[in-house]
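Undergrad: If you want the building blocks of each chain, they are given just below.
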Amino acid sequence: MPKCIIDGREIEFTPGETIIQVAERSGIKIPYFCWHPGLSVVAQCRMCAVEVEKMPKLQTACSTAATDGMVVNTKSARTQQNQKSVMEFLLINHPLDCPICDKSGECDLQDNSFGYGDAYSRYTEERRTYVDLDMGPVIKKNMNRCIHCTRCIRFGEEVAGIHEMVALKRGNNTEISTIDGRPLETDYAGNYADICPTGSLTVKDFRFKKRVWYLKKTPTVCEGCSKGCNMEIHQDNNEIYRCVPRENVKINKYWLCDEGRFNFQYIHDTSRSVDPSINKNGVWESTDWGSSIDAAKNALVGKKVTVLVGSDLTQEEAQLLQEFLPKHLPAAEVYHFGTPGVLSAQDDAPADRILKRKSKTANLHGLEKLGFKPFEKLSAGTQSVLVVRGGKAHLPELKNVEMVGIGVFLKDHAQHFSVILPGAAFAEKSGTVVNFEGQEQKFKRAILPPGQCKPLSEILMMWMNRKTASGAA
Amino acid sequence: MSNHETLFIQHFSEESRPLEYYLKKMGGYTASKKAFGMSQDDVIGEVKKSNLRGRGGAGFPTGMKWGFIPKQSAKPKYLVCNADESEPGTFKDRDIMRYIPHLLIEGMVIGGYAIGSHQGYIYIRGEYTREAKLLEQAIDEAYQNGYLGKNIQGSGFDFDLTVHRGAGAYICGEETALLNSLEGKRGEPRVKPPFPAQAGAFGGPTIVNNVETLASVPFIVNQGGEWFSKLGKLEKSGGTRLFGVSGHVKKPGLYELPAGGVTLRQLIFDHCGGILGDKKLKAVIPGGSSAPVLTADEIDVVFDIEPLMKIGTMLGSAGVVVVSEDYCVVKLLTRITKFYAHESCGQCTPCREGCQWMEDILERIEHGQGREQDLAMLLDIANNINGRTLCALGDAAAGPVMSFVKKFRADFEAHIRGGKCPNA
Numbered sequence: 001m002p003k004c005i006i007d008g009r010e011i012e013f014t015p016g017e018t019i020i021q022v023a024e025r026s027g028i029k030i031p032y033f034c035w036h037p038g039l040s041v042v043a044q045c046r047m048c049a050v051e052v053e054k055m056p057k058l059q060t061a062c063s064t065a066a067t068d069g070m071v072v073n074t075k076s077a078r079t080q081q082n083q084k085s086v087m088e089f090l091l092i093n094h095p096l097d098c099p100i101c102d103k104s105g106e107c108d109l110q111d112n113s114f115g116y117g118d119a120y121s122r123y124t125e126e127r128r129t130y131v132d133l134d135m136g137p138v139i140k141k142n143m144n145r146c147i148h149c150t151r152c153i154r155f156g157e158e159v160a161g162i163h164e165m166v167a168l169k170r171g172n173n174t175e176i177s178t179i180d181g182r183p184l185e186t187d188y189a190g191n192y193a194d195i196c197p198t199g200s201l202t203v204k205d206f207r208f209k210k211r212v213w214y215l216k217k218t219p220t221v222c223e224g225c226s227k228g229c230n231m232e233i234h235q236d237n238n239e240i241y242r243c244v245p246r247e248n249v250k251i252n253k254y255w256l257c258d259e260g261r262f263n264f265q266y267i268h269d270t271s272r273s274v275d276p277s278i279n280k281n282g283v284w285e286s287t288d289w290g291s292s293i294d295a296a297k298n299a300l301v302g303k304k305v306t307v308l309v310g311s312d313l314t315q316e317e318a319q320l321l322q323e324f325l326p327k328h329l330p331a332a333e334v335y336h337f338g339t340p341g342v343l344s345a346q347d348d349a350p351a352d353r354i355l356k357r358k359s360k361t362a363n364l365h366g367l368e369k370l371g372f373k374p375f376e377k378l379s380a381g382t383q384s385v386l387v388v389r390g391g392k393a394h395l396p397e398l399k400n401v402e403m404v405g406i407g408v409f410l411k412d413h414a415q416h417f418s419v420i421l422p423g424a425a426f427a428e429k430s431g432t433v434v435n436f437e438g439q440e441q442k443f444k445r446a447i448l449p450p451g452q453c454k455p456l457s458e459i460l461m462m463w464m465n466r467k468t469a470s471g472a473a
Numbered sequence: 001m002s003n004h005e006t007l008f009i010q011h012f013s014e015e016s017r018p019l020e021y022y023l024k025k026m027g028g029y030t031a032s033k034k035a036f037g038m039s040q041d042d043v044i045g046e047v048k049k050s051n052l053r054g055r056g057g058a059g060f061p062t063g064m065k066w067g068f069i070p071k072q073s074a075k076p077k078y079l080v081c082n083a084d085e086s087e088p089g090t091f092k093d094r095d096i097m098r099y100i101p102h103l104l105i106e107g108m109v110i111g112g113y114a115i116g117s118h119q120g121y122i123y124i125r126g127e128y129t130r131e132a133k134l135l136e137q138a139i140d141e142a143y144q145n146g147y148l149g150k151n152i153q154g155s156g157f158d159f160d161l162t163v164h165r166g167a168g169a170y171i172c173g174e175e176t177a178l179l180n181s182l183e184g185k186r187g188e189p190r191v192k193p194p195f196p197a198q199a200g201a202f203g204g205p206t207i208v209n210n211v212e213t214l215a216s217v218p219f220i221v222n223q224g225g226e227w228f229s230k231l232g233k234l235e236k237s238g239g240t241r242l243f244g245v246s247g248h249v250k251k252p253g254l255y256e257l258p259a260g261g262v263t264l265r266q267l268i269f270d271h272c273g274g275i276l277g278d279k280k281l282k283a284v285i286p287g288g289s290s291a292p293v294l295t296a297d298e299i300d301v302v303f304d305i306e307p308l309m310k311i312g313t314m315l316g317s318a319g320v321v322v323v324s325e326d327y328c329v330v331k332l333l334t335r336i337t338k339f340y341a342h343e344s345c346g347q348c349t350p351c352r353e354g355c356q357w358m359e360d361i362l363e364r365i366e367h368g369q370g371r372e373q374d375l376a377m378l379l380d381i382a383n384n385i386n387g388r389t390l391c392a393l394g395d396a397a398a399g400p401v402m403s404f405v406k407k408f409r410a411d412f413e414a415h416i417r418g419g420k421c422p423n424a
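Listed in order, the protein sequences are those of chains A and B.
If you count by this note's numbering, then the first sequence holds residues 1 to 473, one letter each, in order.
If you count by this note's numbering, then the second sequence holds residues 1 to 424, one letter each, in order.
Just so you know, these hints were derived from the structure itself, not from any lab.
Some clues are possibly wrong.
In silico SDA-like links for lysine to any residue, alpha-carbon gap of 20 Å or less [stated by the list, open to error]:
| no. | chain 1 | residue 1 | chain 2 | residue 2 |
| --- | --- | --- | --- | --- |
| 1 | A | Lys-54 | B | Asn-386 |
| 2 | B | Lys-338 | A | Arg-127 |
| 3 | A | Lys-57 | B | Lys-185 |
| 4 | B | Lys-185 | A | Arg-127 |
| 5 | B | Lys-185 | A | Ala-167 |
| 6 | A | Lys-169 | B | Glu-127 |
| 7 | A | Lys-57 | B | Asn-386 |
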């Protein structure tokens, strides 16, 4: 394998790798703005220029392929002088409004300024300013903060497959905008904010809600579809503020769709049932766990029962049910459910050319692997239905049966039910899901469940331990 | 005009435009006929021997450039003529196109044959509306008479030629920005590699040559590379060159002289009649406005690529701007810098931010609001742009600032200290 020398370290590389790639994976930090591992190389911010022996000019590490025997110096006086100079150029027109900018704390411009820039500015001319147009519901633009890295333009063209972000005018007046000032159309718009190296593009939903340094980050897997995109939940004080993509080159690369990104919002929905409750002639009554479990048993035990298991549950939860149901509802028919029109794994297909898949639950493929069969319709004579779901499986419309729910239900969902035993949403539990390719992925609990919501294991345990009036378990 | 025979200028008149003139008086389309009888390598070999160097500005040996084109290519190859003549002070290609368009067409046919391309484009500066029209008329004539299109002159070689008009951006004279613009994209320089010879227009191997370069090719094929090479007076610089002289000289205009055949002093004082009003010479910009400026003491230099490079400037597009003693060099540099700030595409940080910054500082100095530290800062900014951008526009903006401030520092200081232009 060919080798190059970066800062005195001899490093093997695969032909075709650029200096920045070799350095990144070797833990050698070369600062950059316009380069992004998931986008084409444009070498225009000039921040990553490094000294390469035998080359008279500084070379941009992002666009220069490593060659055998190449000697690179990322810390030479010339390299550092260039970094300082690029920082000066980038900051002369930047508003430096970090105290009120949402990007502050996770801003490449801020970090690199701290790391490579000068605290003093020589600039005394008037600053360049722009007037911003609205970019639709997802993204807020602040062009004054922009450093013209064009990552957003390239993301639109190369990843989202839509030519909607463009550079208008030229030179010092270059403005990054949408075509004709139209709102963004892509349903991957959140990524524009993720890849923006400054606070020029921020997510409206997150704006001014939290300084990022207060956020605790939990690696998780998106439950929005069967793709299994890796993401992070960012929470503080048990409240989720946002979800952002987490790199997984094999599944979602660096991206996340807006549907998945904003899916968490139902978790904090004020209409979510967070207490065990019983529906008394259309009026919901919060009770204690014991009374609700009694009511659930009354509705289910000894009846002709169908159990619908949401394919938004984890493998662990599904296996728990596979042990629980034969003992406690032995006659029940058990099916999985999740997405209208996607009955089984065979129906699951890509929903677009990027990430989304048709199955709008995360674990359809896992449940089928465990042997669950798809639900089509209730068999004749069914008296009661037990629905166990996370927050995603789409509830089928069932008539003339008594319904009991375990899991996550909003008030709208619950109207046809007689008992709700509130459970944990994906962010409130740990577990494993299996994506469309059969890839098992574990995720961790990010926050505690609200109210009296409990994990499925605890609810089933209470069921087993509850002695009913008749003594039957 | 000196007594040597010129290749171009003797034909610069309205009468030379029609095909008939070109055929009768210039031996038109005999060179392409001759080329079709040669192998592609032999044509390239002849151009190599001719020491023809790119006339657009960089002075790269044309034959060597053609040699970079891969013989086999899955994608179509293209020959593109860079007719985006936009460097301030440059106005030579325009006359070739408007007076002897067929010479360019024939040059392109030969070039296309040599590199194995069947499609040529002439990317012409947007402001050259009349020239674009004249070129199209000439191309029509050539098609009608079998000098373009299928099976040219019975050779079996096909070559189509299309005129593509620019939209007014100086940066589209940079070859990769030109290719982007040609493809309908934003006119911005590309990252190199890949170089156009590997992946240029529409991803195909592409050669981009200047108008004057391509128009020299028929002479080379007809009279031989060696003959052409000997027209030039320096070893590695063949042929004659068109010099556009403007500014404060008695006889501004186009001059055609052997490459390396005169000094800058001879050009200004012998050929152009000296300085207007017999004033003193203050400064000369030798190769289009991006070339670092020369003082009156520096003009005893042979006016060609290497000698100019040795004294820290460049021949560029050979557009000479002559400045007399009573013209304000601060004003001149401010105007030049304003041009580059306006024409920067905005991709690279140093050029986008730095050119405007330099312009702002220069505007202040010109208007008497300069500060003592401005000159050091200007030099520093220029130094931070120079050599640190994707294309040469950054260097083009930095070169004038560095040379003007260094060589005419007293003029700048007079503006700063006096609070106004001393000449005003």
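Undergrad: Could you tell me which of the numbered hints above are not met by this structure, giving the numbers in increasing order?
TA: Hint check: 3, 4 fail, others pass.
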